[in-house]
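K.L.:
For reference, the chains in residue letters:
There are 2 protein chains.
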Amino acid sequence: MCTTAKDLSIIEPRIGTLVRDLTDAPDTGEVAAALRPVMDDVIQQAVTSSQGGKRLRALLSLDAFDVLTEQHHVNSSRNAMIDLACAIEVFQTAALVHDDIIDESDLRRGKPSAHRALEYAVHNASIGRGLGLMLGDILATECIEIARRAAKQLSNSDAIIESFLTMQREVEIGQVLDLGVEMTPLSNPQALVQASLNVFRWKTASYTTIAPLLFALLAAGVDPQDARREALAVGEPLGLAFQLADDLLDVIGSSRNTGKPVGGDIREGKRTVLLADALNAANVSDRDELRAMFEAEHRDETQVGRVITLFERTGAIDQSRARISILWSQSRQAIEQWHLSEDGRRRLIEACARFIPSDLR
Amino acid sequence: MCTTAKDLSIIEPRIGTLVRDLTDAPDTGEVAAALRPVMDDVIQQAVTSSQGGKRLRALLSLDAFDVLTEQHHVNSSRNAMIDLACAIEVFQTAALVHDDIIDESDLRRGKPSAHRALEYAVHNASIGRGLGLMLGDILATECIEIARRAAKQLSNSDAIIESFLTMQREVEIGQVLDLGVEMTPLSNPQALVQASLNVFRWKTASYTTIAPLLFALLAAGVDPQDARREALAVGEPLGLAFQLADDLLDVIGSSRNTGKPVGGDIREGKRTVLLADALNAANVSDRDELRAMFEAEHRDETQVGRVITLFERTGAIDQSRARISILWSQSRQAIEQWHLSEDGRRRLIEACARFIPSDLR
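Sequences listed follow chains A and B, in order. Under the UniProt record's numbering, the residue at position 99 of the first sequence is numbered 99, and the numbers go up by one with no gaps. Under the UniProt record's numbering, the residue at position 292 of the second sequence is numbered 292, and the numbers go up by one with no gaps.
I should point out that these hints are in silico values taken from the structure, not numbers from a laboratory. Honestly, I wouldn't trust all of these hints.
What the hints assert, rightly or not - Once the Cα atoms are required to be at most 20 Å apart in a straight line, the calculated SDA-like pairs of lysine to any residue come out as: (1) K6(A) to E350(A); (2) K270(A) to A125(B); (3) K270(B) to S126(A); (4) K6(B) to K270(B); (5) K152(A) to K152(B); (6) K270(A) to R149(B); (7) K54(A) to G110(A); (8) K152(B) to G16(A); (9) K270(A) to H123(B); (10) K270(B) to K270(A); (11) K152(B) to Q225(A); (12) K152(A) to R149(B); (13) K152(A) to L56(B); (14) K152(A) to A125(B); (15) K270(B) to S187(B); (16) K6(A) to G16(A); (17) K270(A) to Q153(B); (18) K152(A) to S126(B); (19) K152(B) to G110(A).
To be verified - Which residues of chain A face chain B? A partial, calculated answer using Cβ under 7 Å: (20) I138; (21) Q168; (22) L179; (23) G180; (24) N198.
Unchecked claim - Beyond 10 Å from chain B on every Cβ pair, some chain A residues (computed): (25) N75; (26) A80; (27) R108; (28) A140; (29) E172; (30) G221; (31) N283; (32) R291; (33) L310; (34) D359.
Here a beta-carbon is modelled for each residue, glycine too, at the ideal position from N, C-alpha and C.
I would like the entire structure built from these sequences, with the hints used as guidance.
P.N.:
Listed below in structure tokens is the structure:
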């Protein structure tokens, strides 16, 4: 059995190597000497943008794979599974690069976002931005190539590629729906709750928990139909709980260093489940106050504090805690159906628990 | 044998159906009712953006497939080959959607570009733009899924998916290099010629001629290594000639209705092979005049006319004609190596000839 620290020490450099190789032009042709510098800028940025993730998704996939292959005495290539796990992380980087362009974010993981860094590198805003957009495209294609190569050495290889593409489409749909939520009027909080949870399923649970579990099940030789059902049963509530916890920590703060200041989502006017729950439960005057603050262009520090007070007073924060706790218990119950050994179950629960801070489980 | 008109009448609605189905959320989950409208806007735009292409790439792939399967008496699924040919067209749409965002183009094929149309649809510039970016991402993923499903019913299915991903990466690299050319100084015209031709290979020849031929060869059961060599030998010169002809027609005008006004590339200040050839051959005063005009932010109508005069006088236009003619003859010679019947060779040459106006061949 491998430790998390050991796995991380394998995953991290492996992502670097894969990204460096596959962001470069394929060996089907040459790159003209005059154009080598711009190509190198993009490769360097691909590597930089790929660094600094917590690798939760890759670790979940690997841990589930280890549990399943030991349990079923399957002899499948762990090396290939590592690459497949890395492909999820590369996909996340691709999605974040485009996300930062859409949100016009200057920073990501404490460093300049990819399109900003490329603007600085080439000293040209519009070309740098274009290179950032293309870097997202390149990473989104190369992660499929990484998955394809890995899948060739694993069970259910065709189902793995299909699932990888489905995961990618799900997240892209999630981004569209997330933009849709930004346009959803605040006058119908119940619809907003449904819409926000729906976005979590597509944009977050898809690639954070469902796909990593699905890839492990498929690679361990589980029948694709069973694998999809089992991955969804455990992964969907877990992924929703993960995103709810992330949004909650943004408001109540965290002992974890998330690198984000408290209240960031409120400052940005993000339409979260917390906001919808608060609007839903608020009295008329609190509701009007919340709506006015969120319909405004900007919110100052005093207003951010006031929103947090209203989130507390309406019970929205307690409701999020309750939602997370219920979802976590649904996910745990679904793990019971996987028919694992006592030790296997314990290890899988441990792997899943990483997605939810212990005081919120 | 199928006629081009008949093939087009199959391809066109098939693209519509595939794009409508695969742009929508996969059936792995539900879309919340409140978010259905934004999803439908994106699907509608995917269908609209997919319309109006000449389908040269799909037709080349199908024609080559017909010639090869008849020649080798291969019994491969023409229906699957049609889908694979459509996947190339869907990929082109994906690339154009992002291209228009990078270039900030308002129009495409005489209609609003995808991101502009989505801005109008949702009455919100930044969200519309974000949806446009995501539409490009969705189309880029779904064309791989179309190719994957098609490849399952064709020979060399794994090599087809691999080649499809390589094609996509090549075009993405081409876009990066194209942005690099925009930053290439005009002081070294020879480097500019090399760089521009290099961009043509990656950005245009890749998916316009090389990949369509390669997919046909693979689907007809040709050994992957031979297929790559043969597709490159015919497709690379043909694709370069196609792009050179396109750039030339932008300057000298065309009997074809390209939908573009004469001199558009010059107006935009595009660094073309024509410009590089002109700078290369110009005397000192003409060269300085050209450089000054192309280093300026904008060029007025008089300057566009003046540039065309200089392109003529320096022999750049004749040189482009000569380049196209040589490349076309290289492509024809490479077709001879395919060992086709007299009839097969004639039909393949006809299919390739569609890429070059007859007076430039």
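K.L.:
Could you work out which earlier hints the structure fails to respect and list their numbers in ascending sequence?
P.N.:
Hints 4, 6, 8, 10, 13, 14, 17, 18, 19, 28, 29 not satisfied by this model.
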